[in-house]
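Same order as they appear, the protein sequences are chains A and B. With the numbering used here, you'll find the first sequence wraps up at 136, consecutive numbering, no jumps. With the numbering used here, you'll find the second sequence wraps up at 118, consecutive numbering, no jumps.
It is possible that part of the hints are untrue.
[Stated by the list, open to error] Derived DSSO-like pairs (lysine-lysine); straight-line CA-CA distance at most 30 Å: (1) K68(A) with K13(B); (2) K80(B) with K13(B); (3) K68(A) with K123(A); (4) K94(A) with K123(A); (5) K17(B) with K80(B); (6) K80(B) with K68(A); (7) K68(A) with K19(B); (8) K123(A) with K80(B); (9) K123(A) with K27(A); (10) K94(A) with K27(A); (11) K19(B) with K80(B); (12) K80(B) with K27(A); (13) K68(A) with K27(A); (14) K123(A) with K13(B); (15) K68(A) with K17(B).
In case anyone wonders, no lab produced these hints; they're calculated from the structure. The structure displayed is predicted, hence computed values, not measured ones.
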Amino acid sequence: KQEVTQIPAALSVPEGENLVLNCSFTDSAIYNLQWFRQDPGKGLTSLLLIQSSQREQTSGRLNASLDKSSGRSTLYIAASQPGDSATYLCAASNDYKLSFGAGTTVTVRA
Amino acid sequence: GAGVSQTPSNKVTEKGKYVELRCDPISGHTALYWYRQSLGQGPEFLIYFQGTGAADDSGLPNDRFFAVRPEGSVSTLKIQRTERGDSAMYLCASSLSAGIRANVLTFGAGSRLTVL
Chain A
27 KQEVTQIPAA LSVPEGENLV LNCSFTDSAI YNLQWFRQDP GKGLTSLLLI
77 QSSQREQTSG RLNASLDKSS GRSTLYIAAS QPGDSATYLC AASNDYKLSF
127 GAGTTVTVRA
Chain B
3 GAGVSQTPSN KVTEKGKYVE LRCDPISGHT ALYWYRQSLG QGPEFLIYFQ
53 GTGAADDSGL PNDRFFAVRP EGSVSTLKIQ RTERGDSAMY LCASSLSAGI
103 RANVLTFGAG SRLTVL
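Sequences and hints are given; from them, build the entire structure.
Below you can see the structure in the form of structure tokens.
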């Protein structure tokens, strides 16, 4: 069974600082690794998807890396803004099923 | 529609009652998924449909939970004899297909269920 862990559980930074969010998974036979954003009481918004053959993906201020052999992914958010405050979830995909971590709750202080 | 639509957005019910949660996926998406998210946790897989049939229902916690997708579009998650432990956010997602490496799921806003 795929186990996904996210560290830290919560993070508070001043505006402008870069964010580094970590995700680890136990089964390296994944199809892809996805990062999602969740605002309080809301659904999930897909941020980035990294296929198993890729090392990283970038979208604007977001960059996600994937190291399948060590079972790790990292999400970098550059120059954080108060609007980046949310919970960030990573999910490892084995075929059609996603296994999620518990998330990292980020607060960006103005 | 433009996105995945879930109704109701909030449902409060009493222990022992029957509840239905509806999901309307993106038009043309053949794969549909239900996940359950308890407070402070990540979503957990419940069931996956490919077309009209449930291809994998291994995540349903017990036989009080059942889901249908009779015409391959809208899906309903049904919970009988609700218990307080069923309180959670129920998330629906859809995708063009499933089991492919570039499969991006689009999630709905969720249905928050509270069992008193």
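Hints versus structure:
A distance of roughly 14 Å separates the Cα atoms of K68(A) and K13(B); the hinted pair therefore holds under the 30 Å criterion. Using a Cα cut-off of 30 Å, the hinted pair K80(B) and K13(B) holds, with the two alpha carbons roughly 13 Å apart. Between K68(A) and K123(A) the alpha-carbon distance is near 21 Å, which keeps this suggested pair within the 30 Å criterion. Restraint check for K94(A) and K123(A): the C-alpha separation of about 17 Å stays at or below 30 Å, so the hint holds.
Restraint check: the Cα-Cα separation between K17(B) and K80(B) comes to about 15 Å, which is no more than 30 Å; the hinted pair holds. Proximity of K80(B) to K68(A) is assessed by CA-CA distance (about 21 Å); at most 30 Å being required, the pair is judged to hold. Under the criterion of a C-alpha separation no larger than 30 Å, the hint pairing K68(A) with K19(B) is consistent with the structure, at around 25 Å. With a C-alpha separation of about 21 Å, the suggested pairing of K123(A) with K80(B) holds against the 30 Å cut-off.
The suggested pairing of K123(A) with K27(A) holds, with an alpha-carbon distance near 11 Å, which does not exceed 30 Å. Simply put, K94(A) and K27(A) have alpha-carbon atoms about 16 Å apart, close enough for the 30 Å limit, and the pair holds. The hinted pair formed by K19(B) and K80(B) meets the criterion: a straight-line CA distance of about 11 Å does not exceed 30 Å. The hinted pair formed by K80(B) and K27(A) meets the criterion: a straight-line CA distance of about 26 Å does not exceed 30 Å.
Under the criterion of a C-alpha separation no larger than 30 Å, the hint pairing K68(A) with K27(A) is consistent with the structure, at around 27 Å. A threshold of 30 Å between alpha carbons decides the hint, and for K123(A) with K13(B) the separation of about 27 Å falls inside it, so the pair holds. Taking the CA atoms of K68(A) and K17(B), the gap is near 24 Å; set against the 30 Å cutoff, the hint holds.
Checked against the numbered hints above, the structure violates none of them.
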